[in-house]
Amino acid sequence: MLTRRQLLKTGLAGAALLGVARLAYGPIVPDGQYAVPEVARFKVLDAESRTALAAIGRVMLKGALPQGKAEFDAALQAVVQGCDTAISGLPGTVQDEVKELLSILNGRLSRRWLVGVMSPWDQAGDDEIAHFLSRWRYSSLSLLRSGYQALHQIVFAAWYGNPQSWVGIGYDGPPKFMEGYWNA
Amino acid sequence: MIAEGLASGKWDVRDASSFMQPQTVEADVAIVGTGAGGGVAADILSQAGLKVVMIEEGALRYASKDFKLKEAEAYPTLYQESAGRQTRDKGITILQGRTVGGSTTVNWTSSFRTPPATLQFWRERYGLADMSVDAMAPWFGRAEKRLNVIDWQVEPNVNNKVLMTGADRVGIHWSRIRRNVNGCLNLGYCGMGCPANAKQSMLVTTVPAALNRGATLLTHARAERVLLEGERAVGVECLAMDTAGLYPNGIRVTVRAKTVLLAGGAINTPALMLRSKLPDPHGLIGKRTFLHPVNISGAVMPFKVEGWSGAPQSIYSDHFLDTQPIDGAIGYKLEVPPLHPVLTAITMSGFGEKHRSVMARFDRLQVVLALLRDGFHEQSPGGTVGLKGDGTPLLDYPISDYVWQGLRQSYLTMAELQFAAGATRVMPIHEDVAADGYSSWAEAKAGILALPMELLRAKIVSAHVMGGAGMAARPEDGVVDGGGKFHALDGLYVMDGSVFPTSIGANPQLSVYGLTARNASRLAQVLTGREVAWPA
Chain A
15 MLTRRQLLKT
25 GLAGAALLGV
35 ARLAYGPIVP
45 DGQYAVPEVA
55 RFKVLDAESR
65 TALAAIGRVM
75 LKGALPQGKA
85 EFDAALQAVV
95 QGCDTAISGL
105 PGTVQDEVKE
115 LLSILNGRLS
125 RRWLVGVMSP
135 WDQAGDDEIA
145 HFLSRWRYSS
155 LSLLRSGYQA
165 LHQIVFAAWY
175 GNPQSWVGIG
185 YDGPPKFMEG
195 YWNA
Chain B
16 MIAEGLASGK
26 WDVRDASSFM
36 QPQTVEADVA
46 IVGTGAGGGV
56 AADILSQAGL
66 KVVMIEEGAL
76 RYASKDFKLK
86 EAEAYPTLYQ
96 ESAGRQTRDK
106 GITILQGRTV
116 GGSTTVNWTS
126 SFRTPPATLQ
136 FWRERYGLAD
146 MSVDAMAPWF
156 GRAEKRLNVI
166 DWQVEPNVNN
176 KVLMTGADRV
186 GIHWSRIRRN
196 VNGCLNLGYC
206 GMGCPANAKQ
216 SMLVTTVPAA
226 LNRGATLLTH
236 ARAERVLLEG
246 ERAVGVECLA
256 MDTAGLYPNG
266 IRVTVRAKTV
276 LLAGGAINTP
286 ALMLRSKLPD
296 PHGLIGKRTF
306 LHPVNISGAV
316 MPFKVEGWSG
326 APQSIYSDHF
336 LDTQPIDGAI
346 GYKLEVPPLH
356 PVLTAITMSG
366 FGEKHRSVMA
376 RFDRLQVVLA
386 LLRDGFHEQS
396 PGGTVGLKGD
406 GTPLLDYPIS
416 DYVWQGLRQS
426 YLTMAELQFA
436 AGATRVMPIH
446 EDVAADGYSS
456 WAEAKAGILA
466 LPMELLRAKI
476 VSAHVMGGAG
486 MAARPEDGVV
496 DGGGKFHALD
506 GLYVMDGSVF
516 PTSIGANPQL
526 SVYGLTARNA
536 SRLAQVLTGR
546 EVAWPA
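Each protein sequence line maps, in turn, to chains A and B.
Just so you know, we're using the working numbering here: the first sequence kicks off at 15 and counts up by one.
Just so you know, we're using the working numbering here: the second sequence kicks off at 16 and counts up by one.
Calculated from the structure, these hints are not laboratory results.
There may be inaccurate statements among the hints.
[What the hints assert, rightly or not] Think about it this way: if two alpha-carbon atoms lie no more than 20 Å apart in a straight line, the pair counts; the simulated DMTMM-like pairs of lysine to aspartate or glutamate are:
no., chain 1, residue 1, chain 2, residue 2
1, B, K403, B, E252
2, B, K369, B, D447
3, B, K85, B, E321
4, B, K105, A, E114
5, B, K83, A, E193
6, A, K76, B, E368
7, A, K190, B, D378
8, B, K403, A, D110
9, B, K80, B, E19
10, A, K76, B, E446
11, B, K85, A, E193
Since the model is a prediction, treat every value here as computed from it, not as a measurement.
I would like the entire structure built from these sequences, with the hints used as guidance.
Given below as structure tokens:
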């Protein structure tokens, strides 16, 4: 997975570049945040990361989430919650790498320059996000490919680990008769 | 079974996550790890009357009722790094168990003896003169008896049947896989822990047997370093972990023992040796770590496959191992994996509507995998285990052109076979293949020949980790001798997949069982003068 240190080594996002970008784009104002209701406590994801993952999840899972507005929002929220659970279950060093990746997605400058998403995550369109994912997926830099693969794993594990997703894929879940075993 | 043992009051099981102050435990033998190597060694050494302490980083799960067959629960609790352990460059994802019973608690039960060609290679290249088929046969036989390795008579599930049909139609030979099960319900959820206690993993066989004989089991204890006094290993220092097994909780546990036996698996064992700064005059610790790199081919069938149901692996083909020289082009074994939603979704490439359309046909998906036999050719030196800044292991496994060629070749084989078995679409799992794959063998052939064989484009996984503390008669050629004894110090043994000087070329569990049975019996003889008849 991508770490900032590795990234700096590639010379792609050197401090100078970020400095120039900062001048070009003026003072940093915080991006807006996608409204992910905080019904449950998140273990590792801050508001910015939840916003980014909700936007990325929405695009990665296009067509897979339920259609109605309320159901869609609830399912997307469950995905973000699932990402939080998945990341929090990783060992420390791996968790740190994922957090580095998230900070690259969230940094206003790195989001523009490296991720290639100009709008804040809560305003970015599906096409813009899909374009970013494809760019990383096929990047000549294996670091960016690994960043894409990390997002792919986390988002799809978060959704398809949720029994709600099984309805759409013809999977009934673990055999019902085993419940007798567990409850015996 | 586990619940009964604990309730009996006879078992000495200590959960280090609950420790409030440093502890010291005394034993004749400290065993790090409770998987295929550690479990068998604990069984045999306790049978010889030795006081054994088993050290396990994961938790003790009650065999039946803790296994709820949900991936979201199983992966974080039963696997190393939530089933997402990766090589240094993230190019290969590794499935490896981390729970009492180790990988044997979550593996798919496939049981093969070490292939004769592999043994021959070890005899010739590593001076392991006594590792002949005849000499090893009784040990495999004992392991098969103890762990109920049987011919599986039940009809293969459709996923496996496609491999069988396809192989017949392209004219390659196949066979049935033997399984270590007793009373198997043919559920198909082996990878999430057997809820019926049917899989004869270490969790329900050797570990309970050792506990019944007075062994101690420490759970949530990470072996940090081997303790030395002069030229001898005298114990293991462990870190107690939190209940999730992610972070040390600050408490140290010291196990003092006359003999130390490492069985943490081929990534954790070499890492522990490196952390312990053991003498390594020839720089071999952590080197030659093998994975059986695996690539995957999906297919959409015109009939229901439901690959989540039924024994996960029951058919295999060794055609591409048997028909070419072991040190020629890399050979591969063909098998199928079980299909469950999370594992499938994270494996299938792409995203959005295209990914969705593949998942929409989840019940018709058939998947074949090719398991590459690494370690027999000079361009297949395997990987190297090193340490991250926090002392945890990191495996660097660069993929050579030689291995890439084998991966391309096996994509071809799998696609041809799947079309022959009736597939309407075949999708080699590679980012540059469209989500709906190819519609004919001719199209697939042309497509696969043009695929860029690159890291993080071709999806490569592994569930078999071997080597890193390889055995050889001479200290210049290996870390341990043929009996598993560390060449450079006394009182230290390795008995797990780390000792294999190459990959096995087959699912390694029975190879670990058989070799460990032999070496643990030899060790018991040295330590106690007693012959141990195993199985008990």
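Hints, verified against the model:
About 19 Å separates the Cα atoms of B:K403 and B:E252, which keeps this hinted pair within 20 Å; it holds. Distance hint between B:K369 and B:D447 is fulfilled; the C-alpha atoms sit about 13 Å from each other, no more than 20 Å. Restraint check for B:K85 and B:E321: the C-alpha separation of about 16 Å stays at or below 20 Å, so the hint holds. With a C-alpha separation of about 15 Å, the suggested pair B:K105 and A:E114 falls inside the 20 Å cut-off, and the hint holds.
At most 20 Å may separate the alpha-carbon atoms for a hinted pair to count; B:K83 and A:E193 meet this at roughly 9 Å. Our distance criterion of 20 Å between C-alpha atoms is met by A:K76 and B:E368, whose separation comes to about 6 Å. A C-alpha spacing of about 18 Å is found between A:K190 and B:D378, which places the hinted pair at or below 20 Å, so the restraint holds. Under the criterion of a C-alpha separation no larger than 20 Å, the hint pairing B:K403 with A:D110 is consistent with the structure, at around 12 Å.
As the CA atoms of B:K80 and B:E19 are separated by approximately 12 Å, the hinted pair is consistent with the 20 Å bound. For a cut-off of 20 Å, the pair hint linking A:K76 to B:E446 stands: about 18 Å separates their Cα positions. Of the pairs offered as hints, the one joining B:K85 and A:E193 holds, with about 13 Å between alpha carbons and a cut-off of 20 Å not exceeded.
Checked against the numbered hints given earlier, the structure satisfies every one of them.
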